Structures are given as C-alpha cells and as structure tokens.
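Asks: Going down the list, the sequences are from chains A and B.
Under the working numbering, read the first sequence as residues 1 to 342, first letter to last.
Under the working numbering, read the second sequence as residues 1001 to 1434, first letter to last.
A portion of the hints provided could be inaccurate.
[What the hints assert, rightly or not] Under 8 Å between C-beta atoms, here's a sample of chain B residues computed to sit facing chain A:
{"#": "1", "residue": "LYS1202"}
{"#": "2", "residue": "GLY1275"}
{"#": "3", "residue": "TYR1277"}
{"#": "4", "residue": "ILE1297"}
{"#": "5", "residue": "GLU1321"}
{"#": "6", "residue": "GLU1325"}
To be clear, the hints were calculated from the coordinates, so they are not data collected in a lab.
Predicted, not measured: the structure shown is a model, and the values here were computed from it.
Note that beta-carbon positions come from the ideal geometry of N, C-alpha and C, so glycine has one too.
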Amino acid sequence: MSPTATPARRQLPLPPVAASPFPYNPCSLLSTQDLTLDALSDVLARATALENQDPLERARILAKRRIALLFYESSTRTRTSFELAAKSLGADTTLVSSLSSSIEKGESLKDTGLTLRALGAEAIILRHNSSGAAWLLERETRLPVLNAGDGMHEHPTQALLDLRTILAHLRPGVEAVSAETLAGVTVTIVGDILHSRVARSNMLLLPRLGARVVLCGPPALLPELAAAAGPGIAIERDFEAALRQSQVVMMLRIQAERLAGMQLDLEEYKTAYQLTGQRLATFAPGAIVLHPGPIIRGLELTAGVADGPQSVILEQVRNGVAIRMAVVERAMLAGASKGGRA
Amino acid sequence: MTALVIRGGHLIDPAAGVDGPKDILLKDGRVAEIAAPGKLKAANGAEVLDGTGLTVAPGLIDIHVHLREPGQTHKETIATGTAAAAAGGFTAVAAMPNTTPPNDSPETTRWMQAPERGAVVRVFPIAAATRGMKGEALNDYAALKSAGAVAVTDDGRPILKDNVMREVLSAAARVGMSVIQHAEDTRLTQGASMNLGPMSFKLGLRGMPTEAESSIVERDIRLITELRDPRAHLHVAHTSTAAALAAVRQARRSGLRVTCEVAPHHFLLTEEHVGLYDTNTKMNPPLRSAADRDAMIEAILDGVVDAIATDHAPHAVHEKEVEFENAPNGITGLETALGLSLRWLHKEWKLPLGRVLSLLSAQPAALLGMKGRGTLAVGSFADVVVFDPNAEWTYRAREGKSKSHNSPFDGWTMQGKVRWTISEGRIAYTSSAQ
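Assemble the whole structure, with the sequences as input and the hints as a guide.
Replies: Here it is in structure tokens:
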C-alpha cells in the first residue's frame, strides 16, 4: 500500500473472484482439496478392502476398461504403482511417454488428451513437468484425470499414501478420518519445499485432519511465504528444534532438475539438514521417517537412516499401490464417488 | 467528405471544460461548430445522428496496444485491431513495436500507417528504441519521428544497460520524443509466470517480485534526473506495483517529466484471479497483490496516473490453451476499457465522468503530443465517441471485433455502450442494436 493510502479506500466495492469450475469431472483427482473428509475416508477404506480382496475377484472390477498413463517426466514408483493398481483391477492400461510419442513432434497436451480419449481411454493418469497441467487436461477432455504430479504444484496420491502410512503407525485401525484424527501430531517436512509437489499436497491435506505441519529448510528452498499456503503450517529453520517436536519426519530430495540456476552449497546443506542416525536418535527417537523417493543416500539422509528401524519408506511404496487402486476405482466407477469438492 | 451532425446529445469535453447539452457539427474531418441544442448555423445538408440520451465525448485514445502487424497476423491485424478499437470507442491507438520484424525503421513506421493496412481509426506507431529491440545500438529518432512515430520503446525487452538507457533518454529528448519503458528487470523474472507471493507458491509457479518493476522505474528516474534536460520525458508503461507508483509520485514532486499509465486489469484484478491456471489472466507485468491493486485505484483517484492504457495483447486461442507457464503473456483490452472504466471507476468508485474520459482521451493525447486530439474544441480532429452512459451489457469475448478472444473479462457486466465511433469525420463503428 502506498504511504498515502486511506482506510476508506479499502471499503470500495471490488470485482469478485469467480468460484473455481474445477473439477469438471467429479471422478477426477487433481488435488487432495477435491476430496471431502468423507470422500477421503472412502478412499482409505477402499484401499484396505481392495488390498485384502482375492486377486481374481478384484480383477473383475474394471475388466477390459481402458486407462491411459500419460507421462511427461520419468518416474519409477508412481508410474509402476499406478500401472499395477489399474491392472490389479483388471483394466487395460497404455503408457504414453513424452520421449516415444508425437509429443516429441510438438503435439500439445490438449491434442494428446483428445487423441487418447478418441482411442477409448476412460481416464487419464497424468505426470507432467508443468504446474497446472492436470487442470488443463481435465478442462479440455472432461475425462476423469488423476494427477500423478504436476510440476512443482501437487501430487495428491502421494499425500494420500503418506496419510495411509502415518495412520497405520500413529492411529492403527483408523480409516474414517475427521478434522481431529491427527490432533496433536506434528509432521515435519524437510528440505527442498519450494520445488516440491509432495510438500504442497501434504501441507494442504494433513492440517485438515488436525495435524500441525512444520516446514524446515534454508530460505533458498523454503521461502517465508510458504507458511501462508494454508492453515496449520509453520516454519522452523532449525532442523534439530523441528525434529524435537515431530512424530513424523518427511525428508525430501533436492530437486536438481528444478533448481534453475540456483546455487546451493551441498556440504552446507548436509551439515544443517541431513537426517543422520545420531540426529534421529537424539531428537526424534520415536518418530517415523518418510521419504517420497527417489532417495539420494548420503545427501538428505544417511543410508543408515534409510535402512533403519524408523524408516517407513518401503511401506509408503506398498501403500502407493493400495491407494492408487482406490483412486483408479473411484475414477472409473461414477457411483463410487461420494462427496465431491471439499 | 460528408458533414455530420450529432444532435441532442450531452457533450463532455474535459479539456475544453464543456459539460452540457450541445449539438456538434463535423466537417472535412474536423470539428466545425458546437452550439446549444438546435442552434447550429451551418448544419444544412449534413447527415444527422440522433444523440438523445447519449454522451458525446472526444474519441478515446489508447497509447499502448499491440496490433501484431507486421508478422503476427494470426493474432491480429491493423484492420482487425483498429476495428476492435473503434468498437471500444477508441479513435487513436499507439502501436507497440514488438512485431515481426520489430518496428525499428522509418519504412515499417510508414508501412503501418499506409491506407492499404485498412485501419479504421488513426494508428500512431511507437518505434523501437534500439535496433532490432536488442538493447544496444540506438535507432535514428529524427527519421522515425518524421515517419510518424510518436515515441520510442523496446517494450517487452526493457533496456537494462544504464549507459544505453541514458543515451536513449538523451537522444529522444533532443528530438522531442517520449521514451516508454516496460519496467522489468528480467534478471529477476526468469522462468516466472505470475506475481511472486503466496499464490505463486501455492500454484507451484515461479514468481516475479515487485522489485523487478520498481527497481527499473527507480533506475530510470535516476537517469533522467542526471540528464538535466527539460525536454526529456519518461513514460512508465502498465504500472502494476505500489512501489513503482510511489517512485513516479516522488519524481513528479521533484518536477521531473515522468508519467505513467495503468491498465484496467491492474486496477481491477489481483493474483487471486489467476484461479487454477487461467491463461487469460497471464500477462506481463502480472496481476499483483490486493495491496498493489488498491494502490492503482488510489493513484487513479488522486490523479497521479496520467492515462488508462489497455496493453491490448491479442493471442490466438491455441496459443493460450496450453500449460500456464508456456502460455504467452497478454490479454485483449480495446473492447472492454470503456465499459470497465465506467462501471468501476465512475459508477462504483465515484470518479467523475469527465475525469474518467480525460484519462482515456485528453491526457493520453497530451502525453504523446497528439495535437488536435483528445478534445472536441472547434478545429480539432473530428474524433468522437457517442455512447449510452446508462446502458449495461455483458461482454462476450467471442463476439468482439478483435481477431483474438483472450480476455479475463468474458461474461463481465459493462457500463456504457458505444453507439458510434467517428474517426476524423468518418463513422468507424456503429452498434448493431438500436
């Protein structure tokens, strides 16, 4: 505000911001914000039910239905687990990746999406390097779109599988979640918050269940304005102080591919923020350690921590398949979607 | 040329201090006579337009448009861009040089004004300040001026080098041309596609800090201060930040000839309007915070802002239907500026009608030295807009005259419907509905 501003000006009528038209398709999962707590509880319950179901019976749920996986970025966990999840439900999947398709020839995301729809895809699972790409694809195709990571923005199924992992350890047996389910729990997310879609999805989801999210990292990777992203988010620059408060510690990889010229002293970073066995034992001996992968051993965490008893990193991977079965089923079975927007 | 009479209208000409019921006679492209209703002396044989219930004002002047010609005719042409201007009540537009190739020569400057381009309102080219808009070698300003250019700028490629900007300001001052700066320190905005703030963090988009704009405005003001040439004129294009406005305000107090324009989207919208990646809200400078938007409103109301300019920047549909960070910057503006200004500045925020019209005509004409325009004094160019000030209507981008439809104001309620736009005595636009 300029120095001569008068308070009266603020009372001027102003043009409103239009309500979001998204999601166009109620079966889409673009953001965890698209799920009400009831819808979220359904997804968690279905994940467990599907995981425990007889595989032959499960394979009839989406028998011969068509799902496209459209991947503009490399991926191991997300792509494989979505593919396994869809196939476990009996669906036919087809993978289109940017390096072996007409995307290389300059075909736009819109045209690629329309082409997949014309080929019979009933839903598209999209991983893209641009923030917001899933919203564009959904608007143009009106198909159920499952966001498997868009740029630096969101990665909702990762947040859901992280939630499932956290609940399994801190609230065993709980599937119907409420605004108090994680009351009293502090989740610290450490490292390259700025470039992380995993951090954004988690910091928007976990406080809705009552958790406190503490963000920890150097200013270059964690700007102050991150705390304004939503309620229940705080910043703590001192890693050890953050660890002391935490029941859950989520380590993130430094995203070299998104640093865009930023100079980062990795030795300095490790000194301040590497999760070592000693730090963990001293400041958070009871916490579980999560990491969305890929992990870089010896950078954000030591090999000992990655393989140690507090690490639940491989459980997260297993939970990924269960969660993705549930969201794929939700995308394909219109009747299964309850709730809608939060 | 046929003579035209507008009878029974309410004439508002802020520059001439007229605000009342008047009949007006236009002849040979000029304003020939103004008289009390029914009292025109020389109106015999003239075509009569019935102005009953309508406001008659100097044709609007937009000093910041992109007509895309030469070279980008899939977005807009001089013919379609000026048709959009006429539909919006504009009778003169100043066209930015970021065409293909950039307008950095007297030849291109003349080409843009040639009758073959099919312009229906007057086009004033703004020439590139440096050769190829590369920010290095200066163009020949005297030659550009005699070819019809009204100012120089490197527009979207701001002049970052101090020594080059100093030379540009000095050379332009010597020939009496204005220097327009798109103030953006591009070293601070690489890869950024919206304002830096909580919204850009939340959307996972790289942000442009407000300092990228204000630091260049401050630098330019320092350079013009050091120049000590009273002929030097720095005009800040599409001001979007409170800090840049504060710098302009301060420079003005120091007696410098530093002026600024604000675009309707910057006094109406904020970064919140980006929503979930609406590429029709992507422009440069970007939509800013509510505090910055409030500062724009404030500066318009208290008179620091010299002109409303649209930064009309048409882009084809397919160019905007892409990932947000890959979409080109810019929105159309010619057909919505009057409707938005009347609706918000006048009706909601109570800025007197005469001042709104002055910001859209007399003041921009004075900024770029467009003599005989921005007023309807006898002898001036017969550039007139006649509009129904009370009509409310809904803007539909696809029904517009511009070749492009990239507007965030699609579906918005507008105030004031243009009935006729008259450019140098010729009717350039007539609304279809009576």
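Asks: Is the shortest C-beta separation between GLU1321/B and chain A less than 8 Å?
Replies: holds (5 Å)
Asks: Let me know if the C-beta of GLU1325/B comes in closer than 8 Å to any C-beta of chain A, holds or violated.
Replies: With a minimum Cβ separation of about 5 Å from chain A (threshold 8 Å), the hint on GLU1325/B holds.
Asks: Given ILE1297/B as an interface hint, is the shortest Cβ-Cβ distance to chain A below 8 Å?
Replies: holds (7 Å)
Asks: At a threshold of 8 Å, is the proposed contact between LYS1202/B and chain A supported by beta-carbon distances?
Replies: holds (5 Å)
Asks: Hey, does the GLY1275/B contact hint survive, CB to chain A under 8 Å?
Replies: OK, holds: GLY1275/B within 8 Å of chain A, min 6 Å.
Asks: Once the shortest beta carbon distance from TYR1277/B to chain A is found, is it less than 8 Å?
Replies: holds (3 Å)
Of the numbered hints stated above, none is contradicted by the structure.
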